[in-house]
Structure formats: C-alpha cells, structure tokens
Amino acid sequence: MAYVDIVTALALLQFVVFGIKVAKARGKYGVKAPAVTGNEVFERHFRVQQNTLELLIVFVPGLFLFSRHFNPLWAAVLGVVYLIGRGIYAASYVKNPAARGAGYGISALPTVVLVIGGLVGAILLPLGR
Amino acid sequence: MAYVDIVTALALLQFVVFGIKVAKARGKYGVKAPAVTGNEVFERHFRVQQNTLELLIVFVPGLFLFSRHFNPLWAAVLGVVYLIGRGIYAASYVKNPAARGAGYGISALPTVVLVIGGLVGAILLPLGR
Amino acid sequence: MAYVDIVTALALLQFVVFGIKVAKARGKYGVKAPAVTGNEVFERHFRVQQNTLELLIVFVPGLFLFSRHFNPLWAAVLGVVYLIGRGIYAASYVKNPAARGAGYGISALPTVVLVIGGLVGAILLPLGR
Chain A
355 MAYVDIVTAL
365 ALLQFVVFGI
375 KVAKARGKYG
385 VKAPAVTGNE
395 VFERHFRVQQ
405 NTLELLIVFV
415 PGLFLFSRHF
425 NPLWAAVLGV
435 VYLIGRGIYA
445 ASYVKNPAAR
455 GAGYGISALP
465 TVVLVIGGLV
475 GAILLPLGR
Chain B
355 MAYVDIVTAL
365 ALLQFVVFGI
375 KVAKARGKYG
385 VKAPAVTGNE
395 VFERHFRVQQ
405 NTLELLIVFV
415 PGLFLFSRHF
425 NPLWAAVLGV
435 VYLIGRGIYA
445 ASYVKNPAAR
455 GAGYGISALP
465 TVVLVIGGLV
475 GAILLPLGR
Chain C
355 MAYVDIVTAL
365 ALLQFVVFGI
375 KVAKARGKYG
385 VKAPAVTGNE
395 VFERHFRVQQ
405 NTLELLIVFV
415 PGLFLFSRHF
425 NPLWAAVLGV
435 VYLIGRGIYA
445 ASYVKNPAAR
455 GAGYGISALP
465 TVVLVIGGLV
475 GAILLPLGR
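Protein chains in written order, with my numbering: chain A, 355 to 483; chain B, 355 to 483; chain C, 355 to 483.
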C-alpha cells in the first residue's frame with residue numbers, strides 16, 4: 355500500500371509546484387489579484403494548474419479505489435504514468451497551448467482507467483469474496 | 355463498503371463526462387485555450403464542470419466520513435441523490451442558467467448532510483465505542 | 355483517528371461557507387451566472403473559494419497520509435493551524451487582496467508539511483516495520 359501513498363504524495367507535490375509557478379507568473383507579468391486574466395503566459399500557467407486540479411480530484415480517489423479493489427502495485431504504475439503525463443502536459447502547454455494534447459492524454463487515460471478499474475472491482479468484489 | 359465505492363466511482367465518472375462536454379464545447383464554439391470565456395454556451399458547460407468540482411471536493415471525503423462514522427448504506431443512498439441532482443443541475447444549467455437552483459439543491463443538500471453527519475459521528479465515536 | 359476526521363469535516367464545512375459567501379456576493383453585486391467577473395468584491399469572494407479549493411485538494415489527502423504514516427494527533431494539530439490560516443486568509447483577502455499573504459502562508463505551510471511528512475513516512479514505512 356505504501357507505493358500508492360508515495361505516488362499520491364508526489365501527485366500532490368507536483369500540483370503544489372504548478373501553483374508556485376502560477377504565483378511566480380502573477381508577479382512576473384503583473385497580474386494583480388483577484389484577476390486571473392490579462393497576460394497570455396500567466397493564463398497558460400493558470401490553466402495548467404486548474405486543469406490539473408480537475409484531474410487530481412478524480413486521480414486521488416481513483417488511485418485509492420483501484421488499489422483497494424484490484425491491485426496496489428498496478429495502481430502505483432498507472433499513477434507514475436499520470437505523473438509523467440502531467441509533467442509533459444505542463445511543459446508543452448506553457449510553450450504552446452495547441453500542443454497540450456499528448457501530455458493530456460498520457461495523464462487523463464490512466465486516471466480514467468483507475469476509476470473504471472476501481473468501479474469494476476467494487477462491483478465484482480461481493481461476488482468474488 | 356463496496357456500495358460507497360461504487361457511488362464514489364460513478365460521481366467521478368459523471369464529472370469526467372462534464373469535462374468531456376467542456377472540451378467538445380471548446381471545439382464547437384471556437385474557444386481557444388487558455389481562454390475560458392467568449393461564448394455563452396461554452397461558459398455554461400465550463401461552469402457546470404467547475405461547480406461540480408467545488409462540490410466533489412466536499413462530496414468524496416463526506417461520503418467516506420459518513421460511511422465510516424454512521425452507515426455505509428445510508429451514505430450510498432445520499433450519494434445516489436447527489437448523482438441525480440447533479441444530472442438535473444447540468445442539464446438545466448446548459449439550457450438556462452437561471453433554472454439551475456433545483457438541481458443544485460438536490461446535489462448540495464445530501465453533500466452537506468454527508469459532511470455534518472460524518473462530523474457528528476466522528477465527535478460521538480469516542481463516547482459511543 | 356477521529357480527531358483527523360473532525361478536522362477534515364471542519365475544513366470541508368469552512369469551504370462550504372466560503373461557497374455560500376460567493377453565492378451571496380453573486381446576488382448582492384448582480385453577477386449573473388455563468389459570469390464570474392464584473393464586480394471586484396464578488397471576484398475577491400470567488401478567488402477565496404477557488405484558492406481554498408486548490409489547497410483543499412492537497413490538504414485532505416495530506417492529512418490522511420500524515421495521519422497514517424506519522425501521527426494522527428500531529429496531523430490534527432497541523433489541520434487546526436490550516437483552519438485558522440484559511441479564516442485569516444478569507445477575511446483579509448476580501449478586505450484587501452494585497453494583504454492575503456499571511457493567511458495564505460499560515461494555511462499553505464501546514465498543508466505542505468502534511469504532504470511531505472506523509473511522503474517521508476510512506477517511504478520509511480517498509481523499513482520501519
């Protein structure tokens with residue numbers, strides 16, 4: 355189970371790093387709070403963080419469910435794929451938003467697999483035990 | 355406990371579907387990333403997703419806490435009410451944002467009940483056991 | 355473990371209160387859905403809620419991980435610091451966004467400590483047991 359918790363913590367810290375980049379971009383490009391628009395590069399960093407938030411709310415419980423009803427090691431492997439995909443997503447989005455597709459897919463696909471796997475496992479569990 | 359996990363997974367997948375609708379609306383109405391404004395229908399889909407995110411962060415741990423400190427079956431029942439409410443919310447918001455109240459209430463109310471129930475259960479637990 | 359669950363529930367309810375304030379500000383300042391801009395005071399309430407969402411997605415699993423791999427009581431203490439910090443953050447942001455730094459730090463710091471503590475604990479756990 356510890357592998358899953360390590361991957362969870364790393365995904366949370368990756369998201370914290372994205373948040374720090376938003377805060378830095380806010381200062382660098384002079385986007386004063388509460389505004390979240392006004393500079394294209396700031397908006398890219400902000401959208402990376404927001405999109406990761408949208409995925410993280412699915413990823414963290416998905417990791418837990420897949421680990422519980424299937425297999426913790428496979429959950430952790432899918433989690434590492436997510437981490438790599440999000441890294442690619444963030445780097446490519448900031449350079450060129452139109453190129454964000456690959457990184458998005460590499461992080462969104464394992465997230466959906468975790469949830470669907472967790473769902474199937476949870477449904478079959480009463481039969482299997 | 356499996357009922358609660360099934361409802362959790364379904365709520366996550368419902369949110370993923372809302373996200374897919376945002377991505378489709380982005381393409382259909384030509385809202386280029388990183389922008390999240392510029393077309394009213396896109397903005398409705400986007401707000402459905404964002405508002406669901408705001409509720410999901412409360413719903414998922416709330417379901418867990420209520421299940422742990424009260425009753426897993428009742429947690430799952432409240433979770434199904436949430437799922438139905440969110441479906442109504444999404445459908446009505448996209449048609450007419452002013453009509454979003456009913457679906458909002460049907461999904462927000464069970465969410466708050468889950469958290470308050472979980473809190474009361476957690477406080478009474480050391481006395482009760 | 356109940357202390358951690360009580361703090362979790364309180365953090366969720368605090369976030370619900372921030373959401374209610376956004377809804378009230380929406381009505382008071384006439385910001386019609388799906389818009390989330392157009393009035394400075396509304397935007398401050400909205401950013402308090404959104405920023406808390408960004409922190410909550412890290413805080414809730416972080417609390418769980420720290421509690422599991424270190425110590426539930428210390429997790430709860432750090433959680434109470436977070437709750438106080440968020441209260442200060444919300445109050446100061448609405449008055450003056452430029453003054454949000456202190457409350458932000460008092461809530462973000464324990465959150466990061468929870469995650470890093472949980473990570474270190476999860477890594478050392480297989481050795482320690």
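I should point out that these hints are in silico values taken from the structure, not numbers from a laboratory.
Remember, it's a predicted structure, so these values are computed and weren't measured experimentally.
You may find that some hints are simply not true.
Pairs count within a copy or across copies, as identical chains cannot be separated in the list.
What the hints assert, rightly or not - Capping the alpha-carbon separation at 30 angstroms, the derived lysine-lysine pairs in DSS-like fashion look like this:
#1 K449 - K382
#2 K386 - K449
#3 K375 - K386
#4 K449 - K375
Right, here's what the structure says about each hint:
1. K449 - K382: Both ways: K449 and K382 sit 16 angstroms apart in one copy and 24 angstroms across, limit 30 angstroms.
2. K386 - K449: Answer is both: 23 angstroms inside a copy and 15 angstroms across each meet the 30 angstroms cutoff.
3. K375 - K386: both (15 angstroms within a copy, 22 angstroms between copies)
4. K449 - K375: both (14 angstroms within a copy, 25 angstroms between copies)
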